Amino acid sequence: MLNFLALESISSWFPPEASYQAFWMDKAFLGILIAAVFAFVLVVGLAITFVIGNRGKVAIEGQEVNQLARGLWVLGAVLMAYFAFSSNFCGFMDTTQAPYGAYEIDVTARQWDWEFTYPGGHVTDTLHVAIDRPVRLNMQTQDVVHSLLIPALRVNQAIIPGKISRTWFQADMIDTFMLRSSKYSGEQFADMHTAMITHSPAKFTEWLEAAGDIFAGRTLPEVGEILYTRHGCAACHSFDGSKRVGPSFLDMYGNTFNTKEGVEVTVDAAYVRESILTPNVSVIDGFDPVMIPYEGILDDREIEALTEWFKSMSSFADQGEK
Amino acid sequence: MNNNIAFKYLGLTAAMFLFGGLLAAFMKIGATSSDATSQAVLNQMLTYHGVVMSFLFLIPVIPTFFGFTMLPKQLKIEKMCCNGKPGFTFYSIGSLLVIVSAMKFAVSTGWTFTPPYSLVDGGALATMSAGLVLVALSWAMTGMNFIQTVHKSEVNFFDMPMLSVSLYLNSFLMIIGGLVFSIVIVLLSLANAFGIGPFAGQFSTILLQNSFWFAVTPLLFFALIPAVGIISDVIAGLTNRTLVSKKSVTWSLAALAVLSFASWGTHIDQGKTLGFVFSAMSLLTAVPIALITYSWIATLSRGEVSCQPATRFTIAFLVSCGIGVLSTLFTNNMSIGSYLSSTMFTTAQIHYLMVGGVVTSVLAGLHFWWTDITGKEIRLSLGKLSGFLYMVGLNMSFFPQIIMGTKGLPQGLHTIPVGFETLNWVSSVGFIVLSLSLLLVVFNLVTSTDTTSSE
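Respectively, the protein sequence lines represent chains A and B.
Residue 139 in numbering that gives the first Met the number 0 is what sits at position 140 of the first sequence, and the numbering runs on without skipping anything.
Residue 247 in numbering that gives the first Met the number 0 is what sits at position 248 of the second sequence, and the numbering runs on without skipping anything.
Simulated from the structure, these hints should not be mistaken for lab results.
None of the values given here were measured: they were computed from a predicted structure.
Everything hinted at is true.
Here are the simulated DSS-like pairs of lysine-lysine, each with C-alpha atoms no more than 30 Å apart in a straight line:
| id | chain 1 | residue 1 | chain 2 | residue 2 |
| --- | --- | --- | --- | --- |
| 1 | B | K245 | B | K75 |
| 2 | B | K246 | B | K78 |
| 3 | B | K245 | B | K383 |
| 4 | B | K383 | A | K56 |
| 5 | B | K7 | B | K151 |
| 6 | B | K375 | B | K72 |
| 7 | B | K151 | B | K245 |
| 8 | B | K84 | B | K151 |
| 9 | B | K84 | B | K7 |
| 10 | A | K162 | B | K271 |
| 11 | B | K103 | B | K7 |
| 12 | B | K7 | B | K75 |
| 13 | A | K26 | B | K271 |
| 14 | B | K246 | A | K56 |
| 15 | B | K245 | A | K56 |
The shape of chain B in the complex, shown without the other chains (with noise of 0.2 Å):
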């Protein structure tokens, strides 16, 4: 059955963001302890939780745990077109060789890799950049999996719930972002190794940031594409009806495809007309967001909605994934978002639309559809504990860094500098709320009784 591999695959998503977050909290033992953590190791903790978190984790963890469990339910076909098999043993060795490189051949040049700095220490690259190659290719193996299945259902496109749309559309930007994103990794791992090719010498910098958010913006940012497919259906579900308007949210879904591949170059310095570009075409995901929020509110409006932990969690998804999106309308005005780039507020915003928008749909999405998935029952009251205790940990972890960016703080410092401690505290505070909310899910889900219905 397709449960299996799923469960493989989430086992494994889940140890990658386990990974992750110990790094992150590392960092932050690190940065407050009084004998600090040095720049070198932070810098190798900071590129690993980047990578780690970005390619191993965000962009498979909707996907593989939700496309292998749900998709062919929901298009009510027996199986999906293959197996996922190939694709597992990819991500697995994939991540294996990434986990490998951070304790043989630790890289620090940051996960955005910019040159030239990302140049130096010939040939450390080579072990994590084989790895993403791998991961990569297997983003590429679902996404084929996935189309095919979707071509192969009899349910018409219209018909189907948002998270098989939100996934088919997925699909297109994991094949077409994972195929550039490797190939920039190939490139960029020969300068690095030998000093050949376009990314290799001084001056490189300009075009690998093009090729690299090229590839990765789509992958990364609109890894929400799937996210708000999970909330649409969570919606819908827990109102007990078809979405309102279910039309206007899956052509905006395509809508947000498309200009996922027109909005790169928002953050790369290079020249104001550009920028303005850039900056519009961010802007204009503002039409589709709009359509997809006026249909989840009127899908609300109309009756009651069912209480339950999943409710706890896409209230937090409006929350924080609202104030991520909210926060990109400072970053895309050229004024505000030139003094911005690269401080705190940037590390908000990614914490906001990643952990706020994607963790949060996984979350809503594991406690609305497990008795579906695994036929278990989990404590209602449990899990509505941990909805609250984690909006709360998330927006305490990750408002004050929107406040140290503001006031100039720039991210990857090792050290806390004077003036920003309280912040600092809260945050840290947050960050352990957060973290025991989680723990209290995973123990949630795993103590989850058989139900005792007739099967």
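Okay, chain A solo, but in the shape it has when bound (with noise of 0.2 Å):
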């Protein structure tokens, strides 16, 4: 496990700053910090000195109170309240309107991970942006209210359901930091974590090139399998053997199997093309014909990585290729 935030040292209160906006943060807690730390020795040193150095005193009669002393002592409790109230008002109000031109990068939040899509469809679930840049996160969540919380950016959004949550910021450090998400939300919550990861602007334009080439580096069945996941097709297929909404890719390929209206199929590579793209023209017995066509999202060269996925999977491999 990644010690993302290199906490070893209980000296420090605060993770990393990562943003200017984080610096300022900081800066008004510090503020803040010093005016309490003041008030605290101020109230609890005055009553411990007096219970202590009152042994033995005469008590002083009277109820008078000295008008000045509690006046001067409520003026500086209310210039400590609004101290509070207004510091770091300019970097509060900094942070709920991103900049014209900010990169935009959708998320979804959902229990128990996150799913972040960069403005050419790229999907993946760490953060990856750019430092010295500033990130718009349009955020949604598809069931319950999450939270993101980036520590070192000092950025705690909420995610409402039925809203998009909006919230920016401009990371000035290259590293890798933590991301998760602070509302409670159910079985699995520790587990809603991820990484985000800085580059600089020239890397992470590489990065986004090459991560968006799912291709490159990888094998058909490799890039099959990324594509299982992110087109959800997990939701209804396992590759296990188990029978969920739909058949399972496990020895399928090759295998024959009898469709609704009685025809013995053999799943080959022209069978797993038309299932993807018109699937409901002809179903394996047993399943209903619920699919949503593929027609349009998937190209010709990732159904050929997907059939070889297929194929890798089976033990009837050599039969399809008749």
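Can you join these two chains into the complex? Each is in its own frame, and there are hints to help.
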């Protein structure tokens, strides 16, 4: 497990400051902390001094109040409250409105993982951003309330169902940071964390190009498995033999099935292609014709990759080659 | 006599405190052991820790015990307006239902019941909500009893001791807050069971948060009003004089009671304008709090302060409730508050306010008035020792959580992430010290001996 925050030392109260917004928030925190410690020492110190120091002293009679002292005391409290109210006011207003031209990333939160979609349509489960460039996150939840917490950026934005919650930041430190949900959301809440990886602008462009091309450096079956995850095939199709809404992909390629109409089909490249693009034409017996057509979503190369992936996990693979 | 019902209440609230405390202990053990408690079990323990401690212990503890014992004494009347038995019945059946729900239909929604998460498992909330509604009714009954009793008394309102004043003001909070709370909880369990009512559906989050905190902020956070009442009377008693500028403390408590209904929305995500309004409303409490502390310090300054266990607990109150109140300066700042929301910082804050404020004041009051109430004498040296241990344990338990929060650790994780082990270890040791000091207090009170005074 990576120690994202480098938190070994107790001496520092805060994670690293990876944006100028974090810097200003920490400054405000320190300011209020000094005021609070002063008030605390004053009240508790005076109380302890009087409890210990007044031993054996003759009591002062009367109830008259030193109006000046009380006035100053209350004025001090009011000033402290005003200081707490107004500290980093501009910093807060700054975080509510992203600058024009910010790089936009769509965030989907669900029980219990994150999905980040970049302008080109590329999807990742870790957040990659370029430093020195404002990034705006448009966040939606698919189920319950979540909250995006990136301690190093001092960002903690609740994601409420039914609306798009927005936040923005400008990272200025190249590293890997912790990103997690801070709103309790059920059973696997503690596992709802991932990483935010910051790159230099040049490296980020490079990364996006490389990552955007899923075929680069991968064999076709590997690409097939990525497509399986990315397009949510797992909702209906397993690849371990268990039956879900649709048939399992294990030992499917090359195998022979009966369709609903009683026609015998052997799963070959042509049948795979047909079942992806127009899935409800020829349905294997025992399943309902409920699949969404992937016409226009998956291209030829991607279908080929999926076919190769099916082949790689079928013991009948050679029969489909005929 | 009223003492009888008061001790029944004290026994039951103490049992609830023990139950909630044991849950906290299990969570601590679970988080550090190698085979960690699963998140599902932790969620249930967390939910019941919050529900039991807030609604079955913190809200009723001061009014029920100190109300029924001290109110007649302070108001110089024979007995309370009502005997409090129906309220006690409601409270005990309600608590029983909540405990039964923990055993049979354990809820894991978190004690703030935020939908849509709290809407899963249809019908799961029913038993617990039935219990909570009965408990809320018992708050309202207790509140009406106190208001009637105070109105019946011959003593002028501004001449009353602060505990009576604070219980009178708190009664309004318990009635209004309790009734709104029971409406909210009934509507929520309807949404949970049948999918009907205002809280049904995906988009009821903000509505429920507003309704819930409108009811619970006065009840829970302003359970500090009677705590302030106890500490004011204890300070006056320790110095053997009337509180300096008592009238300003009375008015300050009234102001806090009013502000408690205007500061519910601080941590709800509903836009910056409302955020600033609630932030300002919460920070306005600085004025009454300053007036109260000024009066305390001025009272302490004017003569000898008797040194006894209650003195230690009063200092412990100033330290821990002081940290709790000052920590609200951070959470009420819009920028810092949004970062710290639902992190361990807020956990530490609520514990500093509720344990450091409410529990400490209960202990101060128990030590100070024990002889008055029971006619028995406690061991002074043991009381002082437990007071000292209590303060050490409390701060060791909860101060590390403040740092965990600023480092960005959210609430409610079932394991301790890498880098937080040392802080968690300190906090666990503190928890043991705190439990030990509370055991000492119980031992001291239970074994207190009859005074040989002429009675």
